[in-house]
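Given chain A, put chain B in place with the hints provided.
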Amino acid sequence: MDSATSGPYGAKPKRRLSPANIMLYSTLIIVAIYYALPLYVMIVTSLKGMPEIRMGNVFAPPLEITFQPWVKAWSTACTGINCDGLSRGFWNSVRILIPSVILSIAIASVNGYALSNWRFKGSEAFFGVLMVGAFIPYQVMLYPIVLVLKNIGDFFGFQLYGTLGGLVIVHTIFGMPILTLLFRNYFASLPEELFKAARVDGAGFWGIFLRIMVPMSLPIFVVAIILQVTGIWNDFLFGVIYTKPEIYPMTVQLNNIVNSVQGIKEYNVNMAATLLTGLVPLVIYFFSGKLFVRGISAGAVKG
Amino acid sequence: MPPQNRPSRLLRNLNAKIASIPMIATVLVIFLGCTLWTVVHSFTDSKLLPRLNWVGLDQYTRLWGTNRWIVSIENLAVYGTLSMLFSLTIGFVLAALLDRKIRFESAFRSIFLYPFALSFIVTGLVWQWILNPEFGVQKIVRDMGFADFVFDPLYSEDYVIYGLLIAGLWQGTGLVMCLMLAGIRGIDEDIWKASRVEGIPVWKTYLMIVIPMMRPVFVTAMVIIGAGIVKVYDLVVAQTSGGPGVASQMPALYVMDKMFKDQNLAQGFAASTMMLVTVAVILIPWAYIEFGGRKRG
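These protein sequence lines are chains A and B, in that order.
Its first residue numbered 1, the first sequence is counted upward by one per residue in the working numbering.
Its first residue numbered 1001, the second sequence is counted upward by one per residue in the working numbering.
To be clear, the hints were calculated from the coordinates, so they are not data collected in a lab.
Pairs of lysine-lysine residues, derived as DSBU-like cross-links and limited to a Cα-Cα distance of at most 35 angstroms, are as follows: (1) A:Lys265 - B:Lys1231; (2) B:Lys1139 - A:Lys72; (3) A:Lys290 - B:Lys1204; (4) A:Lys72 - B:Lys1231; (5) B:Lys1204 - B:Lys1193; (6) A:Lys244 - B:Lys1261; (7) A:Lys265 - A:Lys244.
Quick caveat: nothing in here was measured; it's all calculated off a predicted structure.
Same shape as in the complex, but just chain A (with noise of 0.2 angstroms):
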């Protein structure tokens, strides 16, 4: 597992320990330690009592193990009035995520589909704006996608804003640009005649896509669904705008929990709590591999 399946073609060069090697690596080395440190740091303070904290330094590993601020971040940590830990945010966040990924992928999946199949007058336009809809600061249509939110829920009479249902349709809109592309860009460079022979044995719209599209694309399905979830996971701007308390997402939990100004700080159950919320992406990231990196490199990938 040493070495990239895309890596640099030629043969290995030759001696391993000359100087220009060996600088090679050190620099290697140093800055690989200094990207590794904070998650070094939050595992070694989260496993630290608050005594240890107070008399040693941040990299000092810890002498006494202790699950304690695992426990107490998860279960009993204070936000407010509530007192049931990062548990309550994880499961918002879950809750948040699950609809998010499966809806946002359906609806650009379809989007790809119609844009590299089925174009009509004014597909491309529709497409060239959402490209650069992608670009607008976020802060410019927050507060008129609350009205957006609110009328609709009236007209439909049900709550909109303020609910998971909400914040779904709102990470559905801003995957939409970059998901749209992705899945635009790989069903343009799936075999043209595959198209045109369903289409002349009299399969239509859905039809091709359920049967042909859908089943040869699943590694740009897993892609979307790891920018997805890291992408919605990680968010806190829409979570804490488009929601409430009570069901804020897990990183605006953690924020509050660690920023909070009352009480004195456990520095020990504040990193614990930091890298619980982490777990999720880290896990995927770690996991994911290449997978991870064409999704975000997706964006760069011009159509």
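Just chain B now, kept in the frame of chain A:
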């Protein structure tokens, strides 16, 4: 569907049009409608509720007369310039190092990139803790015998922006490295053979040949970094909350406070419109070079 002799233009490809309704609605209502709505309302005196009572450029005059906004813009300029410079430099250098046919490449790459998987909230909180003067870097150096050593950027009005920069770079350079590495790998191997034959040193090949060839990658990276910089919000909220005082305020925080805390909507709209203008100033030249030039060339 019953066969039709002359399907009307609107009905042609009907399923695709129906399927695209969410996208069309998003484009028209959100990206165009909401943006326009905010820009229009920035010329009103909306306070608690939006209303169309025109006051011309009053909100903008007030905005540019507010100390906190000026500080925010200065911070954004400093943070943005340095963040852009260092992201590109560090990202390219790391990519070039990884490109030197090294062992454990994927392990190194994983370590450089993992911060990018973490949220800005997590990033901000970790660095707040590492930069804590009582227990963090300052304490360690003092314990080593330098009793007068001072390093507490998060509590200093002059240096707090660099504290944010350290955290922001830690989180974001991995992405730039990935883009750069893909760009370097995309360069023809023959270029390297030729430069080796000519006896050009490796560093010079990177500087004089590879970088100019990677212009499109640099431009893409700059656009991605730039769009991210203007939006910077969560990181500041988590790491410094804009303090000490207003020393680490950013435009996005100003907008959020005016709109959702101070009940001064139009002021928030004016500030967010300025953010939009900033993005346009970055994007339009890029779009012009990228798409406008291609047609002629």
